[in-house]
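Take a look at the letters that make up each chain.
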Amino acid sequence: MSKLHVTIEGHEFVVEVGALPRHDEPVRVTIDGTPVMVSVSSLAGPEAIEWAVVGTHPYELSVDPDLRWIDTPRGRYQIQVRDLEATVARPRSGDGRVKAPIPGRIVRVLVEPGQPVQVGQPVVVLEAMKMENEIQAPRAGTVSDLHVSAGQVVKLHELLLEIS
Amino acid sequence: MFKKVLIANRGEPAVRVVRACRDLGIPVVALYEPDDRGALYVHLADEAFLVEPPASYRDPDLVIALARQCGADAVHPGYGYLAEHLDFTRTCEQEGIVVIGPGSACLELTTNKIAALERVRQAGFSTVTASSRAFTPDEADVLHAEAERLGYPVIVKPWSGGRGRGTQVVREPARLLDVVREAAAAAQAVFGNPRVYLEAAVLPSRYVEVPLLADNYGALVHMGERDSTIQRNKRKVITESPAPGLTPAQRAAVRGAAVEIARLFGCRGACTVEFVVDADGQYYFTEVKPRLQVEHPATEMVTRIDAVREQIRLASGQPLGFGQDDVRIAGTGFLCRINAEDPWRDYLPSPGRIGMFRVPGGPNVRVDTYAFSGAEVSVRYESLFAKLTVWGANREEALHRLRRALTEFAITGINTNISMLRQMVSDPDFIAGTYDSEFSHRRLEPAARPDGESLRDLAAVAALAFLARVQAARPITPTAFTSGWHRDSRRLPQ
Chain S
16 MSKLHVTIEG HEFVVEVGAL PRHDEPVRVT IDGTPVMVSV SSLAGPEAIE
66 WAVVGTHPYE LSVDPDLRWI DTPRGRYQIQ VRDLEATVAR PRSGDGRVKA
116 PIPGRIVRVL VEPGQPVQVG QPVVVLEAMK MENEIQAPRA GTVSDLHVSA
166 GQVVKLHELL LEIS
Chain G
5 MFKKVLIANR GEPAVRVVRA CRDLGIPVVA LYEPDDRGAL YVHLADEAFL
55 VEPPASYRDP DLVIALARQC GADAVHPGYG YLAEHLDFTR TCEQEGIVVI
105 GPGSACLELT TNKIAALERV RQAGFSTVTA SSRAFTPDEA DVLHAEAERL
155 GYPVIVKPWS GGRGRGTQVV REPARLLDVV REAAAAAQAV FGNPRVYLEA
205 AVLPSRYVEV PLLADNYGAL VHMGERDSTI QRNKRKVITE SPAPGLTPAQ
255 RAAVRGAAVE IARLFGCRGA CTVEFVVDAD GQYYFTEVKP RLQVEHPATE
305 MVTRIDAVRE QIRLASGQPL GFGQDDVRIA GTGFLCRINA EDPWRDYLPS
355 PGRIGMFRVP GGPNVRVDTY AFSGAEVSVR YESLFAKLTV WGANREEALH
405 RLRRALTEFA ITGINTNISM LRQMVSDPDF IAGTYDSEFS HRRLEPAARP
455 DGESLRDLAA VAALAFLARV QAARPITPTA FTSGWHRDSR RLPQ
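Residue numbers (the numbering used here), protein chains in the order written: chain S, 16 to 179; chain G, 5 to 498.
Some hints could be false.
If you only want the chain G side, here are some residues facing chain S, beta carbon under 8 Å, derived [what the hints assert, rightly or not]:
| # | residue |
| --- | --- |
| 1 | A109 |
| 2 | E112 |
| 3 | P177 |
| 4 | L181 |
| 5 | V183 |
| 6 | A189 |
| 7 | P355 |
| 8 | T411 |
| 9 | A466 |
| 10 | L468 |
BS3-like cross-link-like pairs, simulated, lysine-lysine; straight-line CA separation at most 30 Å [what the hints assert, rightly or not]:
| # | chain 1 | residue 1 | chain 2 | residue 2 |
| --- | --- | --- | --- | --- |
| 11 | G | K238 | G | K117 |
| 12 | G | K117 | S | K170 |
| 13 | S | K145 | G | K117 |
| 14 | S | K170 | S | K145 |
| 15 | G | K7 | S | K145 |
Calculated from the structure, these hints are not laboratory results.
Positions of the beta carbon are idealized from the N, C-alpha and C atoms, including for glycine.
Full structure from sequences and hints, please.
Right under this line is the structure:
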């Protein structure tokens, strides 16, 4: 039995769930003391959830792999899930390597090695799908390595620069 | 009628032209680059010619040579680059190949947008005020002087084409060069011409365009008007026809002006005359697009006229065969551009392979797209990959249907702007039809939130998602994330 605290758009719920079934069968869930049957398209992972039927209410939705939001046709909901019985916080990826999020061509490099940068500061302009896209610094720090220059074509996930 | 039509385009425009040709019983030929081997328009065509790089399907000489080779007596350039290419059109005319689009005489008048404004002004119509010529981004001093002369705010527009590139407003001198540089880069990427010009902005305003059909013998009709005011990320996203919020007198005036202006330019086939309308309903001419437009399905919904079929028929020399009174505009049509991008992450483009592709159906719903389940959305081309068009007997009915259709549309494998469109069509200003140019810049009203019971349901799903994540010891590659960069993009700041 897991006891989870779920916050959605500022509303808090206590959700209790027994062991997850082996196959994608309906699960009995207790929300704030009220039991309900929940079917989801797949329990292979958050990304595999495409629909759910909670009690008598059907939903089409998608869930952020990092569990920060749920999308439904009615909008995006900020969520937070905490397991009060677990002691380890979930890991956050936060390294300073900036990689190409899409294949494309470097139009401009906006920083120089050694330059201090702030979180969210544009560092590179990448052209793809006939649009210019600003790639932003994932964290504050100093540009330690610059691997690309203007005009260069980059592959998906190619390392552009590093911030340390 | 033509013996055979060659399509000098790809993607959705090519699919649209294949369909129109097939409906008319005309054999149709596609050109494709190796990447497009699996493309829908290639498979639907009667013949398909591979174009090996570095040659391109947009190469005028190659298109003309292939038209000769395959015996096509007409070329359809779609609604892109070649549709407004003067040299290409001129050469085709010399070679005896009909271009299903504007003739060179019309193009000579419309491609110089500043001279076009002057022509319309001299005919007695109000126009916007533009810079004296087009500029490149390095002409900083002249650009600043021109912007001062016009008075801020000014709009930066590409000298060539439009193609859904929305207008970019500059409100202060400090921003001018940045916006010019950005607009020039976008124009370079799409049209190969970085030049831009400036226009004194009419704000707040609505962007109203009147589509027309004309034959070679002087018959010319308008097909109502569309409102394409709504932009996001500097690109048009929603169009409706007829334009909401015009009085009957204003509507008649703008339609009448469009007919006379189209005649000034000798437009043939399908064309569009574009205006901005200020808060008082006064209209100002901005430009003539002498070709079919991306938004034409909205007009097709309210007129029940197949604009591409008519365009092909008129280009073949047939007379229009109907008059203005025969064009009946009924109900309301909405068109949404569905783009492969992530509106929640700065509109980052989202190329990749489409997994699940469920299109909306039912009465009066239409989807124009090159995409299907398993199709590739290429990083090389623009992010527009589908157009959703709906019709209703009145605006309210059309709105319900639009919301319903957007809810039915489900795509995995790439990110799309569908969730943002759902939010836009729930915005009070949009529902009331009272939006103007400011709508594109302001924050959207949050969508109607479900009641507490629904939040409780979502909490249950969130809990299961959490446990599924914990339990997922084996690596999984769900369809929604197979294009790879999604996983990595989690590192991008929020």
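Ascending list of hint numbers which this structure does not respect = 1, 2, 3, 4, 5, 12 and 15
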